[in-house]
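Colleague: Going down the list, the sequences are from chains G and U.
So in my numbering, spot 144 of the first sequence is number 160, and the numbers just go up one at a time.
So in my numbering, spot 251 of the second sequence is number 267, and the numbers just go up one at a time.
Source of the hints: derived by calculation from the structure; they are not laboratory data.
Source: prediction; values computed, not measured.
Don't be surprised by glycine CBs; every beta carbon is placed ideally from N, CA and C.
Heads up, a few of these hints could be off.
Computed footprint of chain G on chain U; a stretch qualifies when at least three of its residues, placed anywhere within it, have a C-beta under 8 angstroms from a C-beta of chain G [unchecked claim]:
1) 70-81
2) 149-162
3) 211-218
4) 350-364
5) 371-382
Only pairs whose alpha carbons sit at most 25 angstroms apart, straight line, appear in this in silico DSS-like list of lysine-lysine [as the list claims (entries may be wrong)]:
6) G/Lys19 x U/Lys326
7) U/Lys330 x G/Lys283
8) U/Lys19 x G/Lys290
9) G/Lys20 x U/Lys326
10) U/Lys330 x G/Lys398
11) U/Lys20 x G/Lys19
12) G/Lys290 x U/Lys20
13) G/Lys326 x U/Lys398
14) G/Lys19 x U/Lys290
15) G/Lys398 x U/Lys19
16) G/Lys19 x U/Lys283
17) G/Lys61 x U/Lys398
18) U/Lys398 x G/Lys330
19) G/Lys398 x U/Lys326
Number of protein chains: 2
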Amino acid sequence: MLKKEYLMVPGPTTVPERVLQAMQRPVINHRGKQYETMFSTITAKLQRLFNTRHEVLTFPAAGTGSMEAAVVNLLSPGDKVLAVSIGVFGDRFGQIAAKFDAVVEKLEFPWGTAAAAEKLQERLKADQRHEIKAILITHNETSTGVTNDIKALAEARGNHPALLVIDAVSSLGAIELRMDEWGIDAVITGSQKALMIPPGLAFLAMNDRAWAAYEASAMPKFYWDAGDAKKALAKGQNPYTPPVSLLFGLEEALTLIEEEGIDNIIKRHCLLAKALRAGLKALGLELLAEDAVASTGVTAVYKPAGIETKDIQKIMRERFGITLAGGQKQLEGRIFRIGHLGYVAVTDILVTVAALEITLTELGIDVALGTGVSAVQWAIIKEQCWQ
Amino acid sequence: MLKKEYLMVPGPTTVPERVLQAMQRPVINHRGKQYETMFSTITAKLQRLFNTRHEVLTFPAAGTGSMEAAVVNLLSPGDKVLAVSIGVFGDRFGQIAAKFDAVVEKLEFPWGTAAAAEKLQERLKADQRHEIKAILITHNETSTGVTNDIKALAEARGNHPALLVIDAVSSLGAIELRMDEWGIDAVITGSQKALMIPPGLAFLAMNDRAWAAYEASAMPKFYWDAGDAKKALAKGQNPYTPPVSLLFGLEEALTLIEEEGIDNIIKRHCLLAKALRAGLKALGLELLAEDAVASTGVTAVYKPAGIETKDIQKIMRERFGITLAGGQKQLEGRIFRIGHLGYVAVTDILVTVAALEITLTELGIDVALGTGVSAVQWAIIKEQCWQ
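Sequences and hints are given; from them, build the entire structure.
Modeller: Now the structure itself:
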């Protein structure tokens, strides 16, 4: 049966039609005036989105590339690093640092919970000789659907000189993040999440403290060299050939973001998550994250007993065209995840919950059809945040 | 708030992405070999869709153009015509014939009902001198959401020599119509309904009896001259410049139709209508057409007392991006219409009913949220017609 595509995974996310159209423009010379003007405009818009006055560097790469870029530009082999982890991506950040011979200490929290600011404060207080050079933290942990309170964690750092490095791959553009105001030293993100363009671009912003660390960094780097990228950016260029079509898309996506307004976008994600969570709970489903720490971009749901997550995903995809994500690592087979990041409207939440009710019914789970949907509807009505 | 577009009107309908992409190809010479090959392929596919071995002629025009084409090619001034009408488009067919000095007799049925075959049979039996030269019938009456039983009406004609001319603008490609098998003499349709391409193309197919009538026809015609179109078609061409981009789209749309299979498409529309009607009834809404004659492409719904149809349309459009149609002529302000024709999936029905429940609630109508959606869900589950 004919179906439409609903890409309800936490990235890559749905690309708006206007962005797809922009990407169809003929490729231009990346060393010419036209590109330079466009790239400079893009960078200015990215700075507004990062809430920073510092350069935002653009690399042709997956999001993970920006994690590696942060590590190799800010650290030296032997540097002690505190990797705060609440899931897969927190772990990965630490792994990358370890690969480049940083001495990684993990500050772990149970999956499904957020990092506790007091634990970070405690650990840093104990580090009286200031051995810890950097703190790596995931803003939004995609694997568990939990958002860390970066403002509180930044405050917990206090006067400790460690660099605060934030992985904002699945948050920037959807969840509030104020780089300069909160004293974050480096922020990284990718293109395929809240930025609403296809995968292929990674971003790194560094403040003055981070640039000072760059000067002292002895880790080997060529492709990720932030100094080279900064030099090229001053001329409106990139060190190595950029994916020009993705930049066309990014320019349009950033225009869309400014048209809607970042504050409105943050509120919209909040409504999407609230409405979805209300619907899922009304169906008796158990959510991995507590409301207080729940991500507004992705929701992790425990599968009901007696059925398989892959069967839920299969029916949702094959019958309704709705793609959901499974669990990762220790959560594989135990949860499924619903992405609601970027170009997502309340109608997408309504249709996802309505289709999920049918899917659970088909799998023999006793669900009162319409119950989840009505909770979503009530949440939409109560929010009253229409513009 | 960000919203996606749901064009739930009975035409123009949503154009699939693949069709939009096909339309972006560079325009080609309409007198060249490439066009001739494409146009011949398109015509062969149209013949399969019309269920006819006769030529299907393509005119650059709105659907109403094909109605005029049928009239001026088949009739002469002074010819007596029986215009069977169950709504706006049945009336229009008769008006066009009258404008060209046919003597139009209307066989009318109350809006919301279908044409009764026995009434047609009765009228033709009374026409012992065979004065009636043509019977004009709308297959699917878009203004009321009623489908006429063309097979039964064709049988009711019996041996009367009047031409049977069917307006299939909002049916062909969604609702079964078998031109040759049912003995229909001429069929017309447009591009912007079940054919899933933008407005701009009109089609006319004529059998041997119709071509004989064409030879005798004395109505003035130049642009709509079927003989000229037939001659050009033999060379894979059109008499006058065709909208080449729409033809690119049509070629892709007909490919999509053959991929899904017309039988499956007809079944899908049946499910969409059944599910929608179940949902609307569960909300206590009154439908204009009885189930037995209800269109599977458009559903007309009486507004609840105390609210305005334009307010329903406004909230649906502004909050959810869902465009509904209002009523026409005597039904204006009394009904709203939901189109589910062409590129429509069950998820579109789920989201429409879910949003309608919120809309009615916002307008102060006492609606148990989720009630309509659950009826839609049950209909989807019960149909079991997944492929």
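Colleague: Does each hint hold? Answer for all of them.
Modeller: Checked hints:
1. 70-81: Per the Cβ count (0), the hint is violated.
2. 149-162: Coverage by chain G is violated here, the residue count being 0 at a Cβ distance below 8 angstroms.
3. 211-218: Coverage by chain G is violated for the region 211-218 of chain U (0 residues, Cβ < 8 angstroms).
4. 350-364: Since 6 is at least three, the answer is holds.
5. 371-382: The restraint on the region 371-382 of chain U holds, since 5 of its residues have a Cβ under 8 angstroms from chain G and three suffice.
6. G/Lys19 x U/Lys326: At roughly 30 angstroms apart (the allowed maximum being 25 angstroms), U/Lys326 and G/Lys19 break the hint.
7. U/Lys330 x G/Lys283: holds (23 angstroms)
8. U/Lys19 x G/Lys290: holds (17 angstroms)
9. G/Lys20 x U/Lys326: Distance ~28 angstroms between G/Lys20 and U/Lys326 Cα, so the pair is violated.
10. U/Lys330 x G/Lys398: holds (19 angstroms)
11. U/Lys20 x G/Lys19: Holds. U/Lys20 to G/Lys19 sits at ~16 angstroms (cutoff 25 angstroms).
12. G/Lys290 x U/Lys20: holds (19 angstroms)
13. G/Lys326 x U/Lys398: holds (23 angstroms)
14. G/Lys19 x U/Lys290: holds (17 angstroms)
15. G/Lys398 x U/Lys19: This hinted pair holds, its Cα atoms lying about 18 angstroms apart.
16. G/Lys19 x U/Lys283: Answer holds: G/Lys19 to U/Lys283 is near 14 angstroms, not above 25 angstroms.
17. G/Lys61 x U/Lys398: Outside the cut-off at roughly 51 angstroms; violated.
18. U/Lys398 x G/Lys330: holds (19 angstroms)
19. G/Lys398 x U/Lys326: Holds - the C-alpha atoms of U/Lys326 and G/Lys398 are around 23 angstroms apart, at most 25 angstroms.
When held up to the earlier numbered hints, the structure conflicts with 1, 2, 3, 6, 9 and 17 and fits the remainder.
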